[in-house]
Amino acid sequence: MQKIIKIKTDRSNGLYDITKDVAAVIKESGVATGIASVYARGSTAAIMIQENWDQSVQNDVITLLNRLVPHGIWEHDRQDNNGDAHLKSGLVGASQSIPVVEGKPGLSTWQNIFFCEFDGPRQQREIVVTVIGEK
Amino acid sequence: MQKIIKIKTDRSNGLYDITKDVAAVIKESGVATGIASVYARGSTAAIMIQENWDQSVQNDVITLLNRLVPHGIWEHDRQDNNGDAHLKSGLVGASQSIPVVEGKPGLSTWQNIFFCEFDGPRQQREIVVTVIGEK
Amino acid sequence: MQKIIKIKTDRSNGLYDITKDVAAVIKESGVATGIASVYARGSTAAIMIQENWDQSVQNDVITLLNRLVPHGIWEHDRQDNNGDAHLKSGLVGASQSIPVVEGKPGLSTWQNIFFCEFDGPRQQREIVVTVIGEK
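Quick note, the sequences are listed as chains A, B and C, same order. Oh and the first sequence: position 14 is 14 in our numbering, straight run, nothing missing. Oh and the second sequence: position 96 is 231 in our numbering, straight run, nothing missing. Oh and the third sequence: position 83 is 353 in our numbering, straight run, nothing missing.
Hints are computed from structural coordinates only; laboratory data are not their basis. The structure displayed is predicted, hence computed values, not measured ones. Glycine residues also receive a C-beta, built at the ideal position from the N, C-alpha and C atoms.
30 Å max Cα-Cα, derived DSSO-like pairs, lysine-lysine:
| hint | chain 1 | residue 1 | chain 2 | residue 2 |
| --- | --- | --- | --- | --- |
| 1 | A | Lys6 | B | Lys239 |
| 2 | C | Lys405 | B | Lys141 |
| 3 | C | Lys290 | C | Lys278 |
| 4 | C | Lys405 | A | Lys3 |
| 5 | A | Lys135 | C | Lys290 |
| 6 | C | Lys405 | B | Lys162 |
| 7 | C | Lys290 | C | Lys405 |
| 8 | A | Lys20 | A | Lys104 |
| 9 | C | Lys297 | A | Lys27 |
| 10 | A | Lys104 | C | Lys276 |
| 11 | C | Lys290 | C | Lys276 |
| 12 | A | Lys6 | B | Lys270 |
| 13 | B | Lys141 | B | Lys270 |
| 14 | A | Lys27 | A | Lys3 |
| 15 | A | Lys6 | A | Lys104 |
| 16 | C | Lys374 | C | Lys276 |
| 17 | A | Lys104 | C | Lys290 |
| 18 | A | Lys135 | B | Lys239 |
| 19 | C | Lys297 | C | Lys405 |
| 20 | B | Lys162 | A | Lys27 |
From chain C, some residues computed to sit far from chain B (all C-beta separations above 12 Å):
| hint | residue |
| --- | --- |
| 21 | Met271 |
| 22 | Lys273 |
| 23 | Ile275 |
| 24 | Lys278 |
| 25 | Asp291 |
| 26 | Ala293 |
| 27 | Ala294 |
| 28 | Lys297 |
| 29 | Glu298 |
| 30 | Arg311 |
| 31 | Gly342 |
| 32 | Ile343 |
| 33 | Asp350 |
| 34 | Asn351 |
| 35 | Gln393 |
Now the in silico label distances, taken between C-beta atoms and shown as ranges:
| hint | chain 1 | residue 1 | chain 2 | residue 2 | range |
| --- | --- | --- | --- | --- | --- |
| 36 | C | Ile343 | A | Pro121 | 26 to 32 Å |
| 37 | C | Arg281 | A | Thr63 | 22 to 28 Å |
| 38 | B | Lys162 | A | Pro121 | 32 to 38 Å |
| 39 | B | Lys270 | C | Trp323 | 40 to 46 Å |
| 40 | C | Pro391 | B | Ala159 | 46 to 52 Å |
Put together the whole structure using the sequences plus the hints.
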């Protein structure tokens with residue numbers, strides 16, 4: 001089963017928790033044991049598994065990526081002025097495979113699934129969730 | 136269904152667009168809805184989803200990785216002098232899971248699938264594509 | 271089929287080779303051709319495909335990540351003093367999809383599967399391995 005989650009982003013760079021949305025797709029699929037592939041459509045975005053105790057780690061992710069990938073020094077900036085957004089996306093990665101355990105995302109206590117926006121705000125971003133396994 | 140894509144690389148560091156090859160494997164599999172796992176065999180290589188409007192982002196990826204992972208300062212260099220290539224590979228990652236949507240790779244408009252060479256040129260590099268899902 | 275590999279880690283930062291454990295789960299599953307999803311439970315850990323000729327590349331991975339993500343300068347440090355561990359985890363990534371080829375992990379000669387510990391030592395870390403495919 002496959003569904004597209006659609007979200008709106010309100011910042012240029014930010015992490016958005018999509019754990020509940022992914023869990024809902026898994027539940028609807030009826031799969032008990034398997035894999036949920038989570039994929040960010042957009043080459044200035046990414047998927048990251050990260051802690052969601054509070055906002056601090058999410059802020060730190062943005063701070064780190066701005067340190068590693070400064071804005072405004074890339075060849076691609078001559079086209080879109082968003083070379084850094086593409087590079088952050090490539091470094092973090094477009095997809096994660098999450099195990100489905102007893103019909104739920106097999107995350108540990110503090111793990112959540114985040115959509116990473118690196119070139120927002122955007123009216124609509126799409127995340128493709130594909131669930132495969134045994135019912 | 137599973138197929139191995141074989142490519143030749145002509146530079147020490149470079150991105151090679153394999154989107155058409157992956158799309159061909161998906162088409163041959165007959166899978167309409169599912170997952171295509173794309174895996175780089177070789178611990179000095181990687182798979183990245185990235186924009187392919189022109190060469191600029193691909194060049195920027197190489198520039199960034201050379202900044203983050205300088206050549207010639209690693210313990211492994213005493214063996215092969217390619218410590219940086221292994222580290223770039225580990226940072227970007229060997230695999231990506233791409234959704235199969237209506238029998239095609241479920242990429243967004245500007246997303247393409249790239250094989251990343253970090254220790255070339257090589258006569259032959261192998262990418263394993265595995266397609267699973269419903270026909 | 272799905273199994274949880276449990277390991278003990280003995281360092282604050284270190285790579286642990288779990289290739290044999292993953293191969294054993296694949297063998298037990300009876301799957302000949304497919305995908306093995308390998309997932310690190312814990313937002314201060316990750317999965318990396320890397321060379322295992324000797325310890326040098328593993329040491330270099332830790333050296334690189336300490337360079338890119340210094341300890342003690344993150345907002346999250348006020349909670350747990352482990353902001354760097356979360357960031358390393360997010361950068362490397364929680365999951366890898368490995369092809370199953372003829373009932374074995376479809377790795378190349380020098381590729382091995384590593385669990386990355388960034389906030390150890392820990393009495394128990396869990397890795398979820400899910401194998402899907404044709405028998």
